[in-house]
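**Q** If you read the sequences in order, they're chains A and B.
Taking full-length UniProt numbering, the leading residue of the first sequence gets 1, the next gets one more, and so forth.
Taking full-length UniProt numbering, the leading residue of the second sequence gets 1, the next gets one more, and so forth.
Reference excerpt, derived from the structure (chain A facing chain B, CB under 10 Å, subset only):
| no. | residue |
| --- | --- |
| 1 | G51 |
| 2 | V80 |
| 3 | P88 |
| 4 | M90 |
| 5 | F98 |
| 6 | P99 |
| 7 | L100 |
| 8 | P152 |
| 9 | L156 |
Residues of chain B clear of chain A, computed beta-carbon distances all greater than 12 Å:
| no. | residue |
| --- | --- |
| 10 | R8 |
| 11 | T38 |
| 12 | R65 |
| 13 | F72 |
| 14 | L124 |
| 15 | L137 |
| 16 | L202 |
| 17 | L239 |
| 18 | S262 |
Where chain A lies over chain B, by a calculated footprint (3+ residues, C-beta under 8 Å):
| no. | region |
| --- | --- |
| 19 | 160 to 172 |
| 20 | 177 to 187 |
In case anyone wonders, no lab produced these hints; they're calculated from the structure.
Built from N, CA and C at the ideal position, the CB exists for glycine as well.
So the chains spell out like this:
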Amino acid sequence: MGRITLDKVTKRFGEVEVIPPLDLTIEDGEFVVFVGPSGCGKSTLLRLIAGLEDVSGGEIRIDGRDATEVPPAKRGLAMVFQSYALYPHMSVRKNIAFPLRMANMDKAEQDRRIESAAKVLNLTDYLERRPGQLSGGQRQRVAIGRAIVREPAAFLFDEPLSNLDAALRVGMRLEISELHERLKTTMIYVTHDQVEAMTMADKIVVLRAGNIEQVGSPLDLYRSPRNLFVAGFIGSPTMNLLEGRAAQAHGAHTIGIRPEHLDLSRESGEWSGVVGVSEHLGSDTFLHVHDTGLADIVTVRASGEVELRHGDRVFLTPQADKLHRFGENGLRLA
Amino acid sequence: MARAVSTRRKWITTVVAWALALLIFFPILWIILTSFKTEAEAISTPPSFLFFDWTTENYGTVQERSNYFRHFWNSVVISIGSTVIGLIIAIPAAWAMAFVPGKQTKNVLMWMLSTKMLPPVGVLVPIYLIFRDVGLLDSRLGLIIVLTLINLPIIVWMLYTYFREIPVDILEAARMDGAALRNEILYILTPMAVPGIASTLLLNVILAWNEAFWTLNLTAANSAPLTAFIASYSSPEGLFYAKLSAASTMAIAPILILGWFSQKQLVRGLTFGAVK
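Given only the sequences and the hints, what does the whole structure look like? Please build it.
**A** Structural data, given as structure tokens:
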């Protein structure tokens, strides 16, 4: 079981309040992603849950029990670090065995768990190696192995994929998602990468300056961002945010329209502009449209086969039901 | 970064380095040479450098007159004892300063170091009196205590610089893996810091081995280490240079050999943090 409840949790470093009072409930078995720009407090929040930082106020409950003052070793949580944090002087086997050794588990059971974790993570051939002899992806798998053998109440991931190259990152992302499917254990995952958040999470927590901006499923956040910050943060490429007369025409201070929700035409449309850079990704083409009189650049998603060139005039029409309207205070209008 | 060095410059550097090394090593070399001379040759002018009648008679006389091995054993017990106790105290202290620093940590470190700036003679009388009252005069235990305390600031400082190089993530990982503080220090920190601990240990053994002020002032016969053994060959018995040299050679030989074989560790220890 791994239900984690934060009740008015606060963190101050000296005079600076990095996490203002914050409430959050993470249900058992949920995959929750904390996402936000760097310095938003997401890692601090994770470390508070882990017990690696002391809370300045409030209460953390794990499965209903108050864990606020419980040391990290006793919280029954496992953590995977960005730097992998493997023990360099121990073999892979000893690294994975370490938490079991600390729990005084008998040797036979230790071996059984190590073998099974190694099998799941494709580490069987590397058990006798030292971390220094492994690649980045393998190291990260060892770190995950070390976390899963002790069957924790919840896994905490602190930007685990940031040190991997792009191709490996996509692979490991899938592996972690599959692991969650198989284990059904609560996972809390910190990242600044909204793609990771969107692809992996059951529930995303968007943070800014220690405040929760919005909590919801990836599609909730995509479909109805609560404010301009979430609108701009979730989705790739980012949502076009337009002010001025275009917004006034829709009765809002700011309107947001995602690149995939703009209809493109060569003949007519609500707005017009000139094609600047076009990025061909194969499946899609992203056009950067200038001189619309709305914003510096409006990004539009077109089909992969579109034959538009630099300097071509195009017309854009937002899909009315996909238009997001925001008031002067940045909040979403009903 | 590799930089091309001209052959000429390489030659000059090599010659200068050898000249300096010989200059520094010369007194030791001279002691060793003198120890193989007769007393007459030892004080002859001009002194003979290599062409004299080599004799080992001084070594025999020295061993006959005073028991070298007893002093040697005292030195071993005192230097290793004080170093090991020092490490046992310093490892947790350096851990705390490196990984859970408080507002005063820097000040505490400076304060510890400042005790090394005090001339030892300033506390000789109180320590002597305390030792007399508790019966620690001329005991190995007493010397171990004094040398531990004297070298503790250096041990803590050295370990502190080493520990600071260890990523805190790894210690936090151990904590998350269920390791209590004792296990974190025992199974993770200490093995990772082995090179640092080894050079600290070596340097301290050398410092303790060569320590003369306290060993001379607090010992008489029973617990006198090799420093006292050398000193016993000075003035009271007249100036027997050859025998004094033989005694000195015997006293410095063990530490010279230890230093020779561990020079890599030592250099790394002494320059740690300065060159990375």
